[in-house]
Amino acid sequence: MARLDNKTLLELMSQEFGGDVKSIDEAFGLLAVETAKEKIIEVLEFLKTHKDLQFIYLTDITAVHYPSQSLSIAVVYHLHSLKHNVRIRVKVFLDGGKPEIPSATVLWNGANWMERETYDFFGVIFTGHPDLRRILNVDDMEVFPMRKEYPLEDPNRVDKKDFFFGR
Amino acid sequence: MSEFKPVVKPNHPIFEDNDPQDELVTLNLGPTHPATHGVFQNVLQVDGERIVSGVSTIGYIHRAFEKIAEHRPYYQITPLTDRLNYCSSPINNMGWHMTVEKLLGIEIPKRVQYMRVIIMELARIADHIICNGILGVDTGAFSGFLYVMQEREFIYEIFEEICGARLTTNIGRIGGFERDFNEVAFQKIKEFIKRYPPVLAEFEDLFNRNRIFIERTAGVASVSPETALSYSWSGPILRATGVDYDVRANEPYSSYEEFDFDIPVGENGDVYDRYMVRNEEMRQSLRIIAQALEKIEKEPKGIFHADVPAFYLPPKEQVYNNMEALIYHFKIVMGEIDTPKTEVYHAVEGGNGELGFYLISDGGRSPYRLHFRRPSFINYQMYAPMSSGMLLSDAIINMSSLNVIAGELDA
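So the sequences go chain by chain: A and B.
In case it helps, UniProt numbering puts the first sequence at residues 1 to 167.
In case it helps, UniProt numbering puts the second sequence at residues 1 to 411.
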């Protein structure tokens, strides 16, 4: 089989999932698709086990916080097909008040710590995760620090505010 | 924003279960222990000398780099990347510069790309020297470590010649280097590729066929390729299991596709194979450096950065005497220059594996979100599960051969 291109990849996925998977971006040749949290494990399993795709390598799981959106937490998966040497990015947008998503540990053992890290920093609950505890921060921390509402520095400090620099 | 109450999970049961009547002993290996190189804690349940189960606690030197990065302009994030894998900081620096250049669409001159290759390969050798040297120390052979450590000092002298720093280098800038390599630097690089092979051969003479070393390492912590891939391993430890995944070959950056080098792979995925893979990678790195030096000779002299005045700071004397330079200097420092609103993932082959930068830009002066895919963090998660059933002394050697760097683990 020739080198897998993004068009074929997207066609294969829409044949399987129809409108549940939609392409959102193709910046720098890396196809990004969006799906729903109910479908995510099916999508990941399809990508991993399909004989022409074989995205067997889970590169990374992380999250992004967009406070202005109604679905404010995006969980981002990066997969890599070592057979075709192609990457794909899968995104799922979740409700920031109650971010829950099924755990990918059923497919990859390596998802364990990546999901713990995402939980630790964004509060995403990965249902079915065997050991969802904080990993880098202290256990009794009460906030999820990578969310945008938690400022880096003392918010009372004004000398670094943008308006002093005309921004 | 709806109110969201986090769930504070109780500690893992292994921390509470320390019944004196029990046959098993709970043993804290770390956080500071001479046999763990860095701040790692593993709470192990041991039956005599055999480990029954274990839990890793990490995060002792977590410094919130991803949060800090959201508040810093792009060029000020380079010093943060230094402190990820501090045994090979230049690779992290270059990886970050290349990520931003990919985002901004900056074309880098060939000469600069080759200079970067030299720096990255020197850093890889320095990283592997540490790992294999310390592996020797942990198996009880101290002298090999001293032989090769001298050469790492020499690599650091080269870095010092180029950028003034040795460990946390902050080397290069977005768009190229801060200055050209001087003559002394080129001489030292040439001297290094001459003087290092015999030292490496001497080091290998001490270990490769050494019966004690083989008995301590061969067959220890053997990992199958399937398990390694399922745990998302990358780098020399993945290649030791027989998977030929190397970012330099799979997704060449900085003109790696023009270089002729081999990717060594192992068979058993044990500690001995990891050691052998790293040694061979050092040889391949020397080959790459030699080729890069040849290629640099053919390029026009004196080019050390791309011609991108909007992103590359002008020399200071021009800032005082030249209007355009002053404007660009002001715009760069004050973050007035627009960046594309997009997402980019860029990976480089770090000392320990695939070091990825996932950067989301909202058009501003600092990233909207920056995530580091840190190989040490992902490689290390298999450590506690794979230690079960292992002898304590083997688990120590296993940890040295994984080459987990605390800075990269905790970010």
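Simulated from the structure, these hints should not be mistaken for lab results.
Heads up, some of the hints might be wrong.
The list that follows gives simulated cross-link-like pairs (lysine-lysine, DSBU-like), each with its CA atoms no further than 35 angstroms apart [as the list claims (entries may be wrong)]:
1) Lys-316(B) x Lys-7(A)
2) Lys-110(B) x Lys-39(A)
3) Lys-91(A) x Lys-295(B)
4) Lys-295(B) x Lys-83(A)
5) Lys-316(B) x Lys-190(B)
6) Lys-102(B) x Lys-83(A)
7) Lys-67(B) x Lys-48(A)
8) Lys-148(A) x Lys-341(B)
9) Lys-83(A) x Lys-341(B)
10) Lys-98(A) x Lys-190(B)
11) Lys-341(B) x Lys-22(A)
12) Lys-7(A) x Lys-301(B)
13) Lys-110(B) x Lys-83(A)
14) Lys-37(A) x Lys-331(B)
Task: Numbered hints the structure breaks, given as an ascending list - done: Hints 1, 2, 3, 10, 12, 14 not satisfied by this model.
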